[in-house]
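For the record, the sequence lines run as chains A and B.
For the first sequence, the positions run 1 to 559 when full-length UniProt numbering is used.
For the second sequence, the positions run 1 to 334 when full-length UniProt numbering is used.
Everything labelled a hint here was simulated from the structure, so no lab data went into it.
One should not assume that every hint holds.
Using 30 angstroms as the maximum straight-line C-alpha spacing, the simulated DSBU-like pairs for lysine-lysine come out as follows [said to hold, decoys possible]:
(1) B:82 <-> B:238
(2) B:228 <-> B:17
(3) A:218 <-> B:227
(4) B:117 <-> B:82
(5) A:350 <-> B:117
(6) B:17 <-> B:235
(7) B:238 <-> B:228
(8) A:368 <-> B:117
(9) A:350 <-> A:323
(10) A:218 <-> B:228
(11) B:227 <-> B:17
(12) A:323 <-> A:368
(13) B:238 <-> B:17
(14) B:117 <-> A:323
(15) B:227 <-> B:238
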Amino acid sequence: MMQDRLEAWITGHLALTLLAVDPVGLGGLHLRARAGPVRDAFLSRMPPALAPRRITPDIDDTALFGGVDIAATLAAGRVIRSTGLLSRPGTLMLTMAERCGPGLAARLAQALDSGAEQSLILLDEGADADERAPSTLTERLAFRVDLDGLRAQDLAELALGDPEIDAARTRLSSVTLPDEAMILLTETAARFGIGSLRAPWLACCAARAHAAVSHRNKVGEDDIQIAAQLVFAHRATVIPQGDEDAATPPEPEHDGDSGQDRDISDDLRLPQDMLIDAVKALLPPEVLAALSVPRTAPAGKGSGGAGQKRKGNRRGRPLPSRKGRADGQNRIDLIATLRAAAPWQPLRRKAQPDATGLLIRPSDIHVKRYQELSDRLVIFAVDASGSAAMARLAEAKGAIELMLAEAYARRDHVALITFRGDGAELALPPTRSLVQTKRQLAGLAGGGGTPLAAGLRMVADLAQRAQGQGLSPALALLTDGRANVPLPGRTGRAAAAEDAYLMAGLVAAMNMPGAVIDTAMRPQPDLAKLAQTLRAAYVPLPRADAQGLSRAIGTALEG
Amino acid sequence: MRQPFPFSAIVGQTEMKQAMILTAVDPGIGGVLVFGDRGTGKSTAVRALAALLPPIRALVGSPTNAATAEDHPDWAEPVSGKSHDVPTPVIDLPLGATEDRVVGALDIERALTRGEKAFEPGLLARANRGYLYIDEVNLLEDHIVDLLLDVAQSGENVIEREGLSIRHDARFVLVGSGNPEEGELRPQLLDRFGLSVEVRSPTDIDERVEVIRRRAAFDTQPEAFLKKWRAKDTKIRKAILSGRAALGSVEASDAALRDCAELCVALGSDGLRGELTLLRTARALAAYEGSDAVTRDHLRRVAPMSLSHRLRRDPLDEAGSASRVLRTVEDVFA
Chain A
1 MMQDRLEAWI
11 TGHLALTLLA
21 VDPVGLGGLH
31 LRARAGPVRD
41 AFLSRMPPAL
51 APRRITPDID
61 DTALFGGVDI
71 AATLAAGRVI
81 RSTGLLSRPG
91 TLMLTMAERC
101 GPGLAARLAQ
111 ALDSGAEQSL
121 ILLDEGADAD
131 ERAPSTLTER
141 LAFRVDLDGL
151 RAQDLAELAL
161 GDPEIDAART
171 RLSSVTLPDE
181 AMILLTETAA
191 RFGIGSLRAP
201 WLACCAARAH
211 AAVSHRNKVG
221 EDDIQIAAQL
231 VFAHRATVIP
241 QGDEDAATPP
251 EPEHDGDSGQ
261 DRDISDDLRL
271 PQDMLIDAVK
281 ALLPPEVLAA
291 LSVPRTAPAG
301 KGSGGAGQKR
311 KGNRRGRPLP
321 SRKGRADGQN
331 RIDLIATLRA
341 AAPWQPLRRK
351 AQPDATGLLI
361 RPSDIHVKRY
371 QELSDRLVIF
381 AVDASGSAAM
391 ARLAEAKGAI
401 ELMLAEAYAR
411 RDHVALITFR
421 GDGAELALPP
431 TRSLVQTKRQ
441 LAGLAGGGGT
451 PLAAGLRMVA
461 DLAQRAQGQG
471 LSPALALLTD
481 GRANVPLPGR
491 TGRAAAAEDA
501 YLMAGLVAAM
511 NMPGAVIDTA
521 MRPQPDLAKL
531 AQTLRAAYVP
541 LPRADAQGLS
551 RAIGTALEG
Chain B
1 MRQPFPFSAI
11 VGQTEMKQAM
21 ILTAVDPGIG
31 GVLVFGDRGT
41 GKSTAVRALA
51 ALLPPIRALV
61 GSPTNAATAE
71 DHPDWAEPVS
81 GKSHDVPTPV
91 IDLPLGATED
101 RVVGALDIER
111 ALTRGEKAFE
121 PGLLARANRG
131 YLYIDEVNLL
141 EDHIVDLLLD
151 VAQSGENVIE
161 REGLSIRHDA
171 RFVLVGSGNP
181 EEGELRPQLL
191 DRFGLSVEVR
201 SPTDIDERVE
211 VIRRRAAFDT
221 QPEAFLKKWR
231 AKDTKIRKAI
241 LSGRAALGSV
251 EASDAALRDC
261 AELCVALGSD
271 GLRGELTLLR
281 TARALAAYEG
291 SDAVTRDHLR
301 RVAPMSLSHR
311 LRRDPLDEAG
321 SASRVLRTVE
331 DVFA
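Could you put together the complete structure from these sequences and hints?
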């Protein structure tokens, strides 16, 4: 374990060095570490060639792109423009990158793509796997370094000197990349299931940078191996099949240090398996764990959608305007600004007798604020089949009534879909009315097969409609077992299961929080799998009353 | 700014390239939606296409790239009347852009410092006569997408807010891209994009290697690389220009119209936009290829991109809607 940590430290440094050599080609570095002495130590060894400028996730457009500096303009009485950080080439360091919103991510990605000679270092302090920097950005950066679990006393001193980095920079343009190297890296990326073509290209850049650092004018096998390790390890989505002894990767067969200096034109036949083993050895443990089960949450928080509504200052219910800065994102409340300035006019006029017009100071500026609250729609999809028995249905009804009772405070709407026999039924359209609900729920019937697929399809339809209306849907699926009725037009149990998973995929793509409540007497592994496909929490709840159910759903959906 | 990657050097992705070329031939087709994985060259293709098009002639200092003094909006500062060549604009619309920034708003700076009511044009003005590119259009807020599609269709941006009443030309080709895994676009919005194509990362190793190879050549020796592909780019540009000229004279027989209608009925696409776009795209393809009438072959080739996003989604059909369109085309044209 100790060895692994040290390895992370060393590869981190290597990545930093390579980045300093070719910042534009490599895009940047995604550093996952909590703030602390280890991260500070790592960043303090940053080669001066990078000299990053720090930005935070709430940086405004004016600071990034430049624009009219309203505060300075008002103070000076003439137009003053500020230059944006992106207008100068260099390295930006985004702190708290896990909180970076999709808007900023898109702008930074655009800057990285535009060839404006920018590179980016993301300081990602996410605590768990779900909390991470936006994938729009991480996809464009060559490296990821994970320093978690490292202790300050483990650290070793190993940075390259600046003159060496400068020399490597000048050498970089003359480093050639043999065709075989490109083929090798591309094939390796494909075998690790990396779809994006940026990965092999970034690896090519990394290999060139490494060759430049190692005083070579041609990319050799060491360069390729290191580039593949640095760039592919954290991107892998599958473990290449074919060799089961992944635990003990064979030692790469180097014949001593002299091997580095060989002319590699004809012996660049680094066996691909060896390269794959090398990358495998560096696969982070959590990736291996995630790969052993189907991928569960590729979207989620990593990408963030505009669908979730939040408090903003652009639309929604207006709030009183407040003093603020004009940063290009806010809308200035002119009336309030003038009102704030009005009482001071005589005083200011005395100070500036020759000024004409209104005398407005930056401190007068008021910005509009809006509050946008999104209502949540909890969709109950309840299995009303014979097996699920009437008791379950009654509990679901109870839970719905309980949730509705709190709905006003929590801004919840509730809808109920039941599925039984050969189809699904929207028993209760989205509503917040308790009275209406009670009346509707009274006459619900149960019995028949379990058409899970039909139920999920209706969930998807309803959720999509709800999203269109600005609601944030959430799903609570109550069932006790396997699907046994397929969608119309197909027959058989196998088809039923297949359809259910297909529809679950459709629901999962809508990216809503959810919970699968297993109401069977014994937890069903099938349902856990379905929950995984749905990207929903799995809650086995063999005996529940309405209150317990409501609580369980509440916690599962909050999480 | 460095030169964009040459359009003709983009490996594969023929459908995407074709769709983009057709909107360049006839901007009235109404935009392209490109859905696909990350790192498949979506944004590269848009930028490359704009670089390939001939520069437009615009008045110096005109905020909307107006070609003549009549087109120059009256709210803007008067211009000298001199014009210059500018490259076809490609404007990026970033996620999280405010409505103010997109449509334009009261010029706060002038309002506060000089007490004047003036209009500060937004991204739509700058995109006039060019391309508006939105990455991750599926994550853009719905009201902005709505607004964009409205403007794209009418070719005019109308601003009625903060005491301003202003309109200006905004004729642009909307190119949206996104990754469907991260969220869908509402069907109402889908339908209003003219064409839609799906791109995938190439699975063939040789093709992937070729992508990397060209990218390496482009990055290490940009001049040589650009020179190598210039001839092909020029060929495409000439074909686009002659296609634009020939567009009016391409004939669409009644039989072709009938084919369009039958196809759309067979596919059950809602509304009449399907037929209109199909015909328009087929016509653009015919013009681009130098034929003087729309044939079944043209229709067959553009049907997937102009119809696949207008179908009711059938989640059980794993093959995707494009192949469903193709199947129906074969049935109808049999």
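Cross-check of the supplied hints:
1. B:82 <-> B:238: 27 angstroms, holds
2. B:228 <-> B:17: Holds, because 19 angstroms separates the two Cα atoms, which is no more than 30 angstroms.
3. A:218 <-> B:227: With a Cα-Cα distance of about 25 angstroms, the restraint between residue 218 (chain A) and residue 227 (chain B) holds, given a limit of 30 angstroms.
4. B:117 <-> B:82: 27 angstroms, holds
5. A:350 <-> B:117: The hint holds at about 27 angstroms.
6. B:17 <-> B:235: Within the cut-off at roughly 14 angstroms; holds.
7. B:238 <-> B:228: 17 angstroms, holds
8. A:368 <-> B:117: Satisfied, since the Cα-Cα distance of roughly 19 angstroms is no more than 30 angstroms.
9. A:350 <-> A:323: This hinted pair holds, its Cα atoms lying about 25 angstroms apart.
10. A:218 <-> B:228: 24 angstroms, holds
11. B:227 <-> B:17: Roughly 20 angstroms separates the two Cα atoms, so the pair holds.
12. A:323 <-> A:368: With Cα atoms ~9 angstroms apart, residue 323 (chain A) and residue 368 (chain A) stay inside 30 angstroms; holds.
13. B:238 <-> B:17: The given pair, whose Cα atoms are some 16 angstroms apart, holds under the 30 angstroms limit.
14. B:117 <-> A:323: 22 angstroms, holds
15. B:227 <-> B:238: With a Cα-Cα distance of about 17 angstroms, the restraint between residue 227 (chain B) and residue 238 (chain B) holds, given a limit of 30 angstroms.
When held up to the earlier numbered hints, the structure conflicts with none and fits them all.
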